[in-house]
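Each protein sequence line maps, in turn, to chains A and B.
Just add 138 to the spot in the first sequence (first one is 1) and you have the working numbering.
Just add 138 to the spot in the second sequence (first one is 1) and you have the working numbering.
Watch out, some of these pointers could steer you wrong.
A few chain B residues that face chain A, going by a derived Cβ cut-off under 10 Å, partial list only [to be verified]:
1. I272
2. A279
3. A311
4. A315
Reference listing, derived: stretches of chain A covered by chain B, where coverage requires no fewer than 3 residues with Cβ under 8 Å from a Cβ of chain B [said to hold, decoys possible]:
5. 211-224
6. 272-279
7. 283-289
FYI, nobody ran anything at the bench for these hints, they're computed from the structure.
In this text, a Cβ means the ideal position worked out from N, Cα and C, and glycines have one as well.
Protein chains: 2
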Amino acid sequence: MPETPVPAVRALFFDVFGTLVDWRTSVAREAKGVLEPLGYSADWLRFADAWRDEYQPGMEEVRSGRIPFSKLDVLHRRNLERILPRFGLAGLSEEAAARLNHAWHRLDAWPDAAAGLARLSVKFLLAPVSNGNISLMVDLARRNRFPWDAILGAEIAGDYKPKPRVYLAAAEAFDLAPGACMMVAAHTNDLAHAAACGLRTAHVARPSEKGPGKGEAAPSAPVDIAVGSLMELADRLGA
Amino acid sequence: MPETPVPAVRALFFDVFGTLVDWRTSVAREAKGVLEPLGYSADWLRFADAWRDEYQPGMEEVRSGRIPFSKLDVLHRRNLERILPRFGLAGLSEEAAARLNHAWHRLDAWPDAAAGLARLSVKFLLAPVSNGNISLMVDLARRNRFPWDAILGAEIAGDYKPKPRVYLAAAEAFDLAPGACMMVAAHTNDLAHAAACGLRTAHVARPSEKGPGKGEAAPSAPVDIAVGSLMELADRLGA
Chain A
139 MPETPVPAVR
149 ALFFDVFGTL
159 VDWRTSVARE
169 AKGVLEPLGY
179 SADWLRFADA
189 WRDEYQPGME
199 EVRSGRIPFS
209 KLDVLHRRNL
219 ERILPRFGLA
229 GLSEEAAARL
239 NHAWHRLDAW
249 PDAAAGLARL
259 SVKFLLAPVS
269 NGNISLMVDL
279 ARRNRFPWDA
289 ILGAEIAGDY
299 KPKPRVYLAA
309 AEAFDLAPGA
319 CMMVAAHTND
329 LAHAAACGLR
339 TAHVARPSEK
349 GPGKGEAAPS
359 APVDIAVGSL
369 MELADRLGA
Chain B
139 MPETPVPAVR
149 ALFFDVFGTL
159 VDWRTSVARE
169 AKGVLEPLGY
179 SADWLRFADA
189 WRDEYQPGME
199 EVRSGRIPFS
209 KLDVLHRRNL
219 ERILPRFGLA
229 GLSEEAAARL
239 NHAWHRLDAW
249 PDAAAGLARL
259 SVKFLLAPVS
269 NGNISLMVDL
279 ARRNRFPWDA
289 ILGAEIAGDY
299 KPKPRVYLAA
309 AEAFDLAPGA
319 CMMVAAHTND
329 LAHAAACGLR
339 TAHVARPSEK
349 GPGKGEAAPS
359 APVDIAVGSL
369 MELADRLGA
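This is chain A alone, in the form it adopts within the complex:
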């Protein structure tokens, strides 16, 4: 795949779920931690996968205009209610369901994330442009030492990626042209939509995101830069 040189990028925008944090093993661990003491048992990785499978359909309700914008925490809770019966968890108390839903605020970063962001932060403005809500992004940042300049993304834009408004609202918040911003993600689809809005793009391979060998080992469409870690991205961007 041809890689073109990257001019005058001032800000890096990051996808978070899968790109910076390992949602799958973290949600499985949190589900186990909340539910096993209550006497429930299940294949917690399969539970995490089932919950995540409701993610795109849940956001599509908003993107299509069928329901008004709601924070991702609200969609996660609705998605959770959908899968609970399948795992024999239909009788869960409100308190336990709320604590379980908050699992998404307690995700752990991939090992290179914090150190890579720290290097990139010296040269670039950094912000998450995630579908996660502000409080969720703040909790993940505190937990994992993500050095954000601002929390941008879906809640600021009032819509969900990959709708153009989300990428463009982020660039506008920083007073930057789209071409001065680079979207960094482990998902080709996210990057293709960012590129269509004029942003530069960097793909970070997270080959185990959805289980061993079940993540994107490489982009499936052209991107400006393709790397295997944020440290490599920092190298490539001279940061």
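Given the coordinates of chain A, work out where chain B should sit on it, guided by the hints.
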């Protein structure tokens, strides 16, 4: 003035202009730096005061609904155009006017601000709830090492303080009840409106904000805490 004990505050929201940064001497310095090399001269502190005098009337256009929400950078520029003739600067080039308008992105903090915020950050979530736009807040944070968890305030709310929406949108972004948030400001008016929305309040005295002796040495209405610096606020809040 009676001071009541403060329960269960989780987030501190900060006013910025005057409370954390010394806009007056900074704008005067920046105006001098931009304009004197172009052959202009003026009393630059008086120029800063004149520009700031247009601040509330400019925002009132938005608050009253007469014009749609515009970022503070846009209002600052409009306000600048209003005062330029009075200082013999009507012929300023577009490039110089843009550089001058950006003076508000280059303000210096009061000496206690960064160290106080660093201490408070260990115990509380911190965000600016300012009328400044996101890019302006980000530039001031980079310049002065403000450790924000997120940039909240007018641009998120789509309106200007002291409209209730601005305080309430900030609490909602953090998923907190208003009573779990404390507004910190050098201006009693800001705090009185925050208190009316249910927030806790802390007054920081900045007696020289508008010139020697021309700032609020103490609040003129009841607040939860009144201090002389952010270090004292950290002491009072056990941070």
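Report task. Could you tell me which of the numbered hints above are not met by this structure, giving the numbers in increasing order? Result -> Result: hints 4, 5 break, sorted rising.
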